[in-house]
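Keeping the supplied structure of chain V fixed, place chains W and Y upon it in accordance with the hints.
Protein chains in written order, with our numbering: chain V, 2 to 348; chain W, 100 to 623; chain Y, 527 to 869.
Note that these hints are calculated values from the structure, not bench results. Glycine is no exception: its CB is placed at the ideal position from the N, C-alpha and C atoms. One or more of the hints may lead you astray.
[To be verified] Only some residues are given here: those of chain V computed to face chain W with a beta carbon under 8 angstroms:
{"#": "1", "residue": "G157"}
{"#": "2", "residue": "R160"}
{"#": "3", "residue": "H162"}
{"#": "4", "residue": "G165"}
{"#": "5", "residue": "F189"}
{"#": "6", "residue": "A198"}
{"#": "7", "residue": "S205"}
{"#": "8", "residue": "M209"}
{"#": "9", "residue": "G210"}
{"#": "10", "residue": "G268"}
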Amino acid sequence: MKRSWSIDRKFWPLLITVSLFVLLYIYGIIQYRGFSSPQVFFNLLVDNAFLMITSIGMTFVILSGGIDLSVGAVIAFTGVLSAWLLNHFGLSPAIVIPLMLLMGVVFGATMGAIIEFFKVQPFIVTLAGMFFARGMSFVISTQAQTISDPFYRTIGLYRIHLWGKSFISANVVIVAIVLIAAIYLAHFTRFGRTVYAIGGNEQSALLMGLPVRRTKILIYTLNGFCSTLAGVVFSIYMLSGHGLYVSGLELDAIASVVIGGTQLTGGVGYVIGTVFGVLIQGLIQTIIMFQGTLSSWWTKIAVGALTLIFIGVQSIIYSSKRKRMASAQRVATATTTAPAAPATAGD
Amino acid sequence: MQTNELLVMQGIHKTFPGVHALAAVDFTLRAGEIHALMGENGAGKSTLIKVLTGVEHHDAGHILLNGSEINAKSPHHAQSLGISTVYQEVNLCTNLSVAENILLGREPRRAGSIDWGAMNARARELLTWLDVDVDVRRSVGEYPVAVQQMVAISRALDIDAKVLILDEPTSSLTTLETEKLFAVLRRLKEQGIGIIFITHFLNQVYAVADRITVLRNGKLVGTYDAKALPRYQLVELMIGRELEELEDLGGLKKHFEPAPGQAPVLEAKNLGQVGTLEPLNIKLYAGEVLGMAGLLGSGRTETANLLFGVDDADSGTLAVGGKVEPNPGPLASIQRGLGYCPEDRKADGVVGALTVRENIVLALQASRGWFNYLDPRKQTEIANKMIQMLQISTPGPEQLMKNLSGGNQQKVILARWLATEPDVLILDEPTRGIDVGTKAEIQKLVLSLANEGKGCIFISSELDEVLRTSHRVMIMRDRKLVAELQGEDMNEQSIMEAIAGTGVSTEDTAAAAPQHAVAAGSAR
Amino acid sequence: MNDNTGWWARLRRTGIFWPLVALSLVFLFNLIFSPQFFRLEIKDGHLFGSLVDVLNRGSPLMLVAIGMTAVIATAGVDLSVGAVIAISAATVTVLIGSVTGESQTPMWIAILAALGASLLAGAWNGLLVSRARIQPMVATLVLMVAGRGIAQLITNGQIITIYYEPFFFIGGGYLLGLPFPVFIVAGVFAFAWFMTRRTAIGLFIESVGTNASSSFHSGINEKNIKLVIYAFCGLCAGFAGLIISSNLKSADANNAGLQIELDGILAVVIGGTLMSGGRFSLAGSILGALLVQSVSTTIYSLGVPPEVVQVVKAVVVLTVVLLYSDVVKNGLDKLSQRQGVPS
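Next comes chain V alone, as it looks inside the complex (with noise of 0.2 angstroms):
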């Protein structure tokens, strides 16, 4: 029974996904001048900050089968909303910060417990709160707002030097404790996985006891905690804010995790293979922008197309796989049925 030389399909998306990260990343060394340069892939990383938080945040959400479609108008929300709690009350970020987390917290909570009592579906319970931030945030300014605020501005400025010339933020930082802490929540604790298990059936969840209810409203929670994080991050790399900014990311996060290798469906996928989906949405735009000609709306338009090639991959790697097991119960059945019948006869 054993196949430890066979790799299990659940592993395949994510093979996938890296391995066209590393063809893409070659292709732009091959066809651009600078591109090798190691600030090139630190870039990566400072500009997509944000986006990898929230896409965390939505991995959880997509792998118990659910969707926020919130994440971009949050984000924007909270820039708008510490630019203007900085700028006219002159509050402490060590204020601000944790207000926004706790809204963010206070905001995904709601969602989730309206989904799950009201037995409505994800997408428009969600849809409304994107409306509803969008508008809240042209409802405190419908202009930009800049942050002034010395803390903001010494945190977004900040490099960190690795060697040579290159750096990075102290966001990616920020990154890089919430993927230890998303890792060790997905594989570690109970509710890691029971989000797995939800996604997975979520009847099964049900009848082996596990706490499902409570475990739905938690996710849309701590995507509720993330995208404001997010938006955290965003405003220090902005260092302003605005209702129109991150429109359509939505999208983008859903796109990440989708090319991160996580079924769409639920169930199946990895933290990190996000952050690979992340990544190769930055490296199209690089490349993109070393090409010098294309527009840079080719990149929507890249991240969509490949959205559906991922999930049309997915599909194809799952019902392969259900026939496969279906030809072999088949198979089985087909032994059942032929030694049975002598045995009935002889009787």
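Frame of chain V, contents of chains W and Y only:
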């Protein structure tokens, strides 16, 4: 009275709207026995199990476990009481590892985080005891159903089960796997666990069960020692006879014999699908009712699905009115003059949010296409005609389908097909879950349709019903056509013997089946 | 009122009763707080006033609501309507061009091209949903975002302003004293109504949306129905895009039809079509769209900043969806049963 009674269910009643699913059912399970629960679809087996495991709640009666009354609120609660179930469609999370599926919710932890080493070791230990050698770190979905079943059993054992319920566990296992499962069951029995075993494979019941309880139509037929109950008698107990409850069919059933040179209206040659149905031959003549008997899972519904093009056959041909068409979908089948009442009325037949009128014209309209719209007045006319003809009890054609009783819904679906004026009507369990009066009406209808010159295939698990309506009977067993009987050969005993696989040698009938005409000749 | 068979009872049973009540409440509110809402004037033979304004401004939403109704009835959803509006607007303006007084392409070709592009976009959604079996929400989300990218490509990232007078008639012209967009809505509505109520398509949509398996067993080609419906929804958004670009005399790929998805869903849900699919009411959705538009107009006329409107709408959508949810419905049923016992 034995003293080692582990589980006692007394006078269990359960009603669903319009159906008395369980009526005063008693059931006793001893510690250290394997108890087979038998009965056809709708007999009440699954309701009894659902009541026991807390999926449903009984209206009256008592359940005692080790002498004290229990009332499981949920499957999880039942589990914590010591009652575990392994379902037919194994309820595992196939995306998770073997070890997790055994220990999810009870994972060994160290300083708050899951101790994977201890977890895998514990899982390995449990599976080794069951004599299963797998890599517990791999996804359960990578393993065949037999292993999944063992994983589910391990989970039950780790929760310290006293009662283990196995719901159709062998329906997708090989002989070898089944043997292995039985060996495990015998070992569990020695440990003093009571096992309730549900299956429709008769030989397996006799291979492993100590006692047999038979249910029929929500009532207890009896509990018997397996050794003292001959196989033939078991089939009779399961299928039963309801003749006295039904009124006479009033001479509607006439002798039928195809006219010399008459071409069959439907002819299947070697029609089959790998794994679900072995290739079979069917000839159906206009004016004939062809019954199809067999236990659940014997291939009846699979045959119907292939005939109507719901599934694509991978071998053989199907001619309707002499014309062969490869892989027709339902639409093409309707246009060729077929009609099909599927087995699962609720999932595949009823369109609840639409009106009775719309449900009736649905197939007719589908066959006419998108733009050849039936005038609403014409629709109402057809609906009214059908309501009158089939005596559908509804306030009117604009009543919503979901507000009708099961029997009337079934009549509406029959009406849907009659409206298309088909040449051949395939009816899969058209009388299931329907009161006796409506049953008789539907049987009469089938016969009068045949008298009008339509061909009918009538599938039913109630033998008695098949005998009353059919001119000829095909008998299915183990996804195979095993016999075809007519005339004087067609009686309760011969059919039951064929279903049970006793009496007639399997090989003979299988060989004779294709040559229907020859068999018919020899019968006379 | 014992008149159970009269028009009143019949009206109460139809799906459009509640939207009508809500619309009346909004009108009543205006009657009390801002009576000028009802003032109608005739200037240069054209009708002016807030009511006409609601009809005029609400036209794109009504068009989107018509398409969205059909999609939601098949148990799907289309989040890409706003992006399709942007594509349509971008196509038509690019083809007409920014030259004063003349069009680079014959106007009818530009219009047909815009509608064709929208139809294609919708058909693409339909293919993904019906053939590739991707959840409608995800399939259309891809176009919701990528579609704006496509619109940007068409306009080359510019906000294109047009100066071709005849094109302005589509969004700003008057016919028989009424704004021209109203006639477009009427035309599309009549077409949709005819197609769904005078052919079998409406029956098939409702059947597929209620029980896809039963429909398949009855010979209905569920895939083709879905494909056609999504394509039609794209076409409706295309018409809306024409009106919007003509009104603004420009195409802004970023902002044309922004966030109209939620308004469209809101209009459909208010109109009595369930998010879970099945029965639908085109007239109800039109009323729903008018309701959404009059609420917006009313809030604007009270001097509330437009930003707040969006927040209010989000809350309203959620409330309406919750009111229609099974949990609340069952709860209300139980309440009314309990009250019904003593009487």
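Evaluated hints:
no.: 1; hint: G157; in the structure: violated (34 angstroms)
no.: 2; hint: R160; in the structure: violated (35 angstroms)
no.: 3; hint: H162; in the structure: violated (34 angstroms)
no.: 4; hint: G165; in the structure: violated (38 angstroms)
no.: 5; hint: F189; in the structure: holds (4 angstroms)
no.: 6; hint: A198; in the structure: holds (5 angstroms)
no.: 7; hint: S205; in the structure: holds (4 angstroms)
no.: 8; hint: M209; in the structure: holds (6 angstroms)
no.: 9; hint: G210; in the structure: holds (4 angstroms)
no.: 10; hint: G268; in the structure: holds (4 angstroms)
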